[in-house]
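Protein chains in written order, with the working numbering: chain A, 1 to 406; chain B, 1 to 406; chain C, 1 to 406; chain D, 1 to 406.
Honestly, the hints are just simulated from the structure, not real lab data.
Among the hints, a few may not be true.
[What the hints assert, rightly or not] Label-pair distances were calculated between CB atoms; the ranges are:
(1) G346/D with E203/A: 24 to 34 Å
(2) W18/D with S128/A: 37 to 47 Å
(3) G346/C with P307/D: 56 to 66 Å
(4) G346/C with G98/D: 48 to 58 Å
(5) Q345/D with E154/B: 31 to 41 Å
(6) R64/D with E154/A: 21 to 31 Å
(7) V22/C with P307/D: 51 to 61 Å
(8) G98/D with E203/A: 17 to 27 Å
(9) L131/A with G346/D: 53 to 63 Å
[To be verified] Lysine to aspartate or glutamate pairs mimicking EDC-like chemistry, simulated, CA-CA at most 20 Å apart:
(10) K39/C with E9/C
(11) K39/C with E9/D
(12) K39/A with D200/B
(13) K39/B with D28/A
(14) K39/D with E9/D
(15) K39/D with D28/C
Idealized CB from N, CA, C, for every residue including glycine.
For reference, the chains in residue letters:
Number of protein chains: 4
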Amino acid sequence: MPARGLYTEAARLRRLSWLRSVTRSALDSLQHTRLDADKLTGNIEGLVGAVEIPVGVAGPLLFRGTNVQGEVYAPMATTEGALVSSATRGALAVTMAGGADTHVVSQAMTRAPVFAFSRLAGAGRFASAVLQHLGDLRTAVRQVSGHAVLLSIEPVVLGRTVHLRFRYTTGDAAGQNMTTACTWHACQWILEQSHLVADDELESFMIEGNTSGDKKASAQAVAEGRGIRVAADCLLPTGVVERVLRTTPDELVTGYQHITAGAVHSGVLGSHANTANIVAAIFAATGQDIACVHESGVGQFILERTPEGVYASMTLPGLALGTVGGGTHLPTQHELLEMMGCTGQGSAARLAEIIAGFALALDLSTVSAAVSGHFASAHERLGRNRPPRRDDAEDQVPTVTELVES
Amino acid sequence: MPARGLYTEAARLRRLSWLRSVTRSALDSLQHTRLDADKLTGNIEGLVGAVEIPVGVAGPLLFRGTNVQGEVYAPMATTEGALVSSATRGALAVTMAGGADTHVVSQAMTRAPVFAFSRLAGAGRFASAVLQHLGDLRTAVRQVSGHAVLLSIEPVVLGRTVHLRFRYTTGDAAGQNMTTACTWHACQWILEQSHLVADDELESFMIEGNTSGDKKASAQAVAEGRGIRVAADCLLPTGVVERVLRTTPDELVTGYQHITAGAVHSGVLGSHANTANIVAAIFAATGQDIACVHESGVGQFILERTPEGVYASMTLPGLALGTVGGGTHLPTQHELLEMMGCTGQGSAARLAEIIAGFALALDLSTVSAAVSGHFASAHERLGRNRPPRRDDAEDQVPTVTELVES
Amino acid sequence: MPARGLYTEAARLRRLSWLRSVTRSALDSLQHTRLDADKLTGNIEGLVGAVEIPVGVAGPLLFRGTNVQGEVYAPMATTEGALVSSATRGALAVTMAGGADTHVVSQAMTRAPVFAFSRLAGAGRFASAVLQHLGDLRTAVRQVSGHAVLLSIEPVVLGRTVHLRFRYTTGDAAGQNMTTACTWHACQWILEQSHLVADDELESFMIEGNTSGDKKASAQAVAEGRGIRVAADCLLPTGVVERVLRTTPDELVTGYQHITAGAVHSGVLGSHANTANIVAAIFAATGQDIACVHESGVGQFILERTPEGVYASMTLPGLALGTVGGGTHLPTQHELLEMMGCTGQGSAARLAEIIAGFALALDLSTVSAAVSGHFASAHERLGRNRPPRRDDAEDQVPTVTELVES
Amino acid sequence: MPARGLYTEAARLRRLSWLRSVTRSALDSLQHTRLDADKLTGNIEGLVGAVEIPVGVAGPLLFRGTNVQGEVYAPMATTEGALVSSATRGALAVTMAGGADTHVVSQAMTRAPVFAFSRLAGAGRFASAVLQHLGDLRTAVRQVSGHAVLLSIEPVVLGRTVHLRFRYTTGDAAGQNMTTACTWHACQWILEQSHLVADDELESFMIEGNTSGDKKASAQAVAEGRGIRVAADCLLPTGVVERVLRTTPDELVTGYQHITAGAVHSGVLGSHANTANIVAAIFAATGQDIACVHESGVGQFILERTPEGVYASMTLPGLALGTVGGGTHLPTQHELLEMMGCTGQGSAARLAEIIAGFALALDLSTVSAAVSGHFASAHERLGRNRPPRRDDAEDQVPTVTELVES
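With the hints as extra help, turn the sequences into a complete structure.
Here it is in C-alpha cells:
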C-alpha cells in the first residue's frame, strides 16, 4: 500500500487510487469526506475515506438525574428502521410520567496483566506480596498519566499465574489506552523488584490476560461493572401506559416476565429487550469505539407492577465510553456531544446517564409493542392493514414494532 | 419535531434547523451528507444528517476458503488506532504461511415467540401438538417471504409458557425483520387452530420472548449459533512467527494459554483477544446493523503448538450479517461490499468467511504483540523509545500494540 | 493397599485394618455396615465401610402430574437443618391449593466424542458426511445396548475438530455409562470408514470433549436439557399464602423479583432460591450419583401475581438420574425408591416429577421465609425470641428459615 | 407425622412405623442406624433412618502444600465405579513426580440481603451512605458470633434495590448459617438508622437476594470465589506420564485442548474433566452439605507442555466446606476427617487443599484415559478384551476409564 504512515489528504487519495486499481472497483463514493486526514493520527491507519451512518434524533426525554436534568434529544446513528421512532415513543411515555431518574453507580476501567511463575507457590507469594505495594504502583501510574487514578489492584491466582487486575478512574476518557500505558509502567516497576519476582521464578509476563474484560462480553463485567455502571428508572401511571404505549400495565408486566424467563433460559448476559440498539446508536453518533458495543450492550431491565401502574428500571453494568479521546474529536461526533451538553468535566457520566435513560425508554416501548399485539385484536388489525404478501427485499419487511403498531 | 414521516432532503433540513433551534447548537457539520434521504425509508426516522466513520483498508489476506479464494483487502470503519495496522500484520503472517482456510459451518436466523397457557399441562400439550404442524407453518411462511425458509421449530416449555424457536435460512439477508414477519404470520395460523390453542387455555402471546438471542449476547447462541457460524484456520511456520509476529511459537502459545485461562475465569462468552474489533469495523463499513456487534462479537480462538510452528483457528459462532437489506444499500457501504466481491447470491457466506479470516489474523497479531513485549527486552526498548511522560489527551497514549512494537 | 480388586467383606475388613494402621486412626465407626461388599463391584473400589446420611421424610405433596398422581412423601438425606421442615411447609401449601401439575418435557442423555483433523476443511467435510450415517450409527448402538436408543447426532465444528454430540434415550437409567459404551462402539465404526476419516486427515480421537456437559454445570445444558427436563407448577390462592407461607402474594412476588434480579446480575445458571437442596437430598436418598448434583442442581423458578394469589412454576432443565443402575440397588436406597413407587418401567420420569414438585414447594417456602421477615415485625419477633448471643458452634446458629419463622 | 419435633430414637421408630403404614412399604433396611437421634437436632427434622453410602480410600497422594504436607489417603463416598481407582492412579502419578503443591488463595463466605427503595435515587444514597458504617456493622456482627469476621460490604445497586454483599471469614466452619445470623443482626442495626433508611423510602427488605451465590452455580462465584478458593499443581515428567498414565505428554495436552475448547463452546462454569466427582465424594464422606456440590463442583484445570513433560494445575474457585458444623460431627464423618488430620484450627484450609490435590489427580487420570484410547491401538485392545454384547443392566456397562484401560 502506498503512502504508508502519512496522514494527509494527498496520501489518502493516493491510497484510494491504488485501492481502486488493485481491487478494480470504482469506489466513487469514497472520493469525498469531511474528515481531516491530519487529525486522524490516533484513530486509523491506511485511511481511504469514510462511511456515512445516517443520524436521527430521538426524544425529548426528561431527565431528573444526578448528572443530567431537563429535556434531552439524543442523536442515534443507525440503519435499523423503527429504532428512532420507538425510542421516541418510550421517551414520551417516560417524560409524561415525570421523567427518568438516572444515576452513575460506579466508574472503573480495568486492565489485567499476567505474571507466570514456575509453580503455584511462587504465584501465591507474589499475590500476597504485591498487595503491599499499592502506594508504589500509584506513584508509577502518576508518572504516566494525569488523568488515570489507580483505585485498587486485585491479584487472581490461577494455577502458577497471577492475573493482576488494576482498576482505575480515567476522568472523562473511556481510558482503555491510558490504563494500558499506566499498567505497563506499573508492571515495569514490579518487574524491577527482585523481592517480588525472583529471576528463577518468573517465567513470563503479558500485558493482558483477559480478566479485564476488554472487548469481551463477560459475566464478570456484568457482576462487577467495567467502565461506567449506570441506572435509570421511572414510574409509569396506568394512563400513560395505555395512551402512549398502547398496552396495559398487566400486559406489559406479563411480557416482561416472558422475556426475563427467556433470557435466564438462554444464558443471556443481563436481561433486556434491546439495550444494544441504544448503546450502538449513541456510541456510533458520538465517536465511541464501536467494538465496545460488544461488551457495553448488556442491560438489566426490571419491571414491577405498582398500584398506580408500573415501575421500570434499566441498569447498564458497563459502558466503556468517554467524551474525550477516541473518535469524540471528529467534527460531527463532537457537535453531537455538544448538543447533549456532553463536553467538559463530568460529561462522561452525563453521557452514560443519557444512554441509560433512552435504553429504559426503548425497552419499555419494545416490550409494549411486542405484547400489545395481543393475539385477538392484533390479528384483526394485522389482517386489515397488512395483507400477506411476498417480500421483494429484506428492507421492505416490517419490523416487530411496525407490525404491532400498524 | 417538524416534517415527521417525510423522507426528503428538504424535510431533513427542516428538522436540522429545528434541532439547532431547540438545542441551541450550531451543528454545522450536519449540514451536508452524501446520503439520499429518499432512500432511507427503511433505515431511520427523524433523519438530520450523518456521521462519518473513517475507513482504512487492511490486508491483503490470502483466502483458500469454501466461499472466498484469493487475496482480499478488507475495509474497516474504526476510530481505534492500530487496529488496521495490527490486522494487516496478522494478515501478512497468515498469507505468507499459505493463507487461511475458511468455512461457513451453518446458517440459521432465529425468532422465538411465546405462548402462555393457564397451566403447565396445557403448555405441554401445545408443545407436543405444534410439532405436528411443521408443514403447515412452512406453508404460512412461504406466503410471506420468498427468501426465508423455515428449517425447524423447537418448543421450549418454561413453566406454563412455550417459547417456540423458529429457525430459518434467509438467503443473503441477515433476516431479523424477514423472520419476524414470517413468524408473525405463522403464529397467526397457530392462533386460529382451536385444537392447538383452546380459548380457555391460552392466556397471552408475544412475538419474541428472548430465547432467539436477537440483540443479546447469550451462551445459547455461542453453543448453537445464530446467523452465520463460520471458522477460519491456518498453520504458521516458526519462521513466519518470528519474522512477522516478532515472537516465537512457544511464547505465542504461552500467551494464548494465559488469555484462555483468563477468559474461563471471567465467564467470557467464547475465548479470544479482540474479535469484536474486526466484527465492528467490517460491520460498520458494510452497512450491517451496528447493534448486532453485541451478539456477533464473540469468537473462539484456538492455538496449538505443532512441530513446525503453530496451528491457529478462529470460530465465530454467530454473525448476524447480510449483503442485502439493512444499511447495505447505502452508497459507500455498497461499494465496499462490491470491492470484496460481496454482492450477489452467496455473498453473505463470503462476507462471513472474510470476517473470520481477518479476526483470526488480528488475534494472532494482538496476542503476539502482548507477549513479545517479554519483560526483559521490552522494558529496555520501552525505556529507550518512550520515556515516561504525562499524557495531554487520551488519544496520544499508545496502544498495547504500539507499546510492544515500538 | 491389600486385597485390591476383591469384593468381599473379608477383603473390606483387611483394607480397613490396613488403613487404621497406616493412618494411625481408630476408625471405629467404619467397622460395621449393612452394605454387602459382594454387590458393590460396579460401584466402588477399595471399599472400607460406609457413611450414614440421616434421612427425613418431607410431605405429603399432592401430585396431579403426567407420571405421578396422588400424595407422595419424599425421603431426604441431608444434614442441613430446616430443609425437611421447610419442604414440608411448601408441600402443605401446594397440596392445600390443589396440588402440583408435573410434566417431563424431554429426556436425552448426551455423550460427545471429538475427532481432530489436520485442517478445518477436513473437519467440515467430516461434519457433513457423518450426518448421512445416522442409520449405521443406530445399528452400531443397538449391538451394545438394548436400553439406549440413539436419537440424533449433532456435529459441532470447532476449528479443525468436530465434537460429535450423540443424544440418546436410556430407559430408566441415568445412562452415562451406557451411552459411553454405545458411543465408543459407534465411534469405532466411524473410525473404520475410510471415506469419513482419511488416514492423512484424522489426527486424534477422544471419547469426550466436554460438549456433552457430563459432570459440568453449563449454560448449554440449561438451554438444551441433559438427562430429564421436567417442570412443576401450581396456583396458590391468597388464603394459602397467608396461612401456610405466612406472607402475602404481593410480598412473595416482591421477594421473587429480588432473587431473579440477583440471579441475573450474578450470572447464576438458572434462577431459583435453593433447588440444589432438593436435588441433593433426594439424589442421596435414592442412590443417584451425588456428583451429578453439580449439573442437576439448576432450577428456573417463576412466580407471577394472579387475581386470586400467585402462580408458581419450577423447571429443572437437566436431571441426570435413574431408577436402575448406579447406587439405586443399594438396600435402603432401593426401598426408598419403592416407597415412592419409583421402580419399574417409566419410574425415572416419575422420580423426576417428584423432585420437581418438591423443588417447587421448597422454593415457595424459602422465598416466603426470606420475605416474611419483613423488617418491621421480624425485628421485634427476632429480638423477643432469639436474643443476640455468641455462638459456640456453627450448628447452633439458626438458619434463615428458623430465624424468620421463629 | 407423629412425634414431630422429638429427637429421640423412640420418636424415630414411631415415625418409621407410621411411614411404613402410610406408604405400605416394608422399609426393613431403615430399621437400624448407628446415628444417634439426640445429636441431630441441627441436622434434620422428621428423622426416620439413614442411607449408607459406600466409602473407598484413594491415594496415597503426596502433598507439599501450605496447609498439608506428606502422604494423604482420601476417603470417598460414592457409588460411581472407577472413581476411586482412577483418583488413585492420578495420585500415584503426582506422587511419583514429587507431589502436589497446594495453596488456599482466599476464604470468604458471602451473604447478600436486599434493601428496596421507592426510587433509584434513594437506592443510590443508601449505597453510598452504608459504606461509612463498616465499623458499626463489624460491631453488630461481633455480638452474634465469635467466629465470623466481617471483611467487607459491597453494595450493588440494581434499579431501586441495593443488594448488600457481606463477606466474612468464618474460621473452620463453612459458615452459611453463621453469616446469615450475623447479617440478619447487622441488617437490624441498619434498619434502625433513620438516616440510612428513611421510612418513606424503604419499601422492602429480604435477607438474601441471590447475589451471594448460596446454593447456586454462578459465574460471579467462579470469578470472585465463595468459600475457600484453593489451587494445586504439579510437574509430571514424561516417564511418569507414560508409565502411570499410559499416554504421552503430547497426547495429554491435545486431549486437554479438546476439553477446554469444548467447555468454552458449551458455556461450562470453569473448565475441567470431572472435578465434581472428587468434591462430591469427599464432601459426602466428611459431612459437608451435599447440596453445596452444586456450587462447589466447579474447577479450572490447566495443562501445559514443558520440555520435561507437562505442568498441570487445578483451581477450585469456591469450596463451601467446613470441618466443624453441619454433618461433620456425625461419627463416621468425623473419624474420616480425623484420619486426614482435618480437625482443629486451620483444618478447613487443609481439607480444601486435599480436595484440590485429588481433583488435580483425577482430572489428570481421566483425560489420560480418554485420550490414551487412541483410535488405532484402542480399537484392537477393545475388540480383543470386550466383545460387543448387549447389556443386561446399566451397572454392568463399563465406564470410560475401564474401557480404555482394559
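Exercise. Among the hints numbered above, which are violated by the structure, and what are their numbers in rising order?
Worked result: 2, 5, 7, 9, 11 and 12
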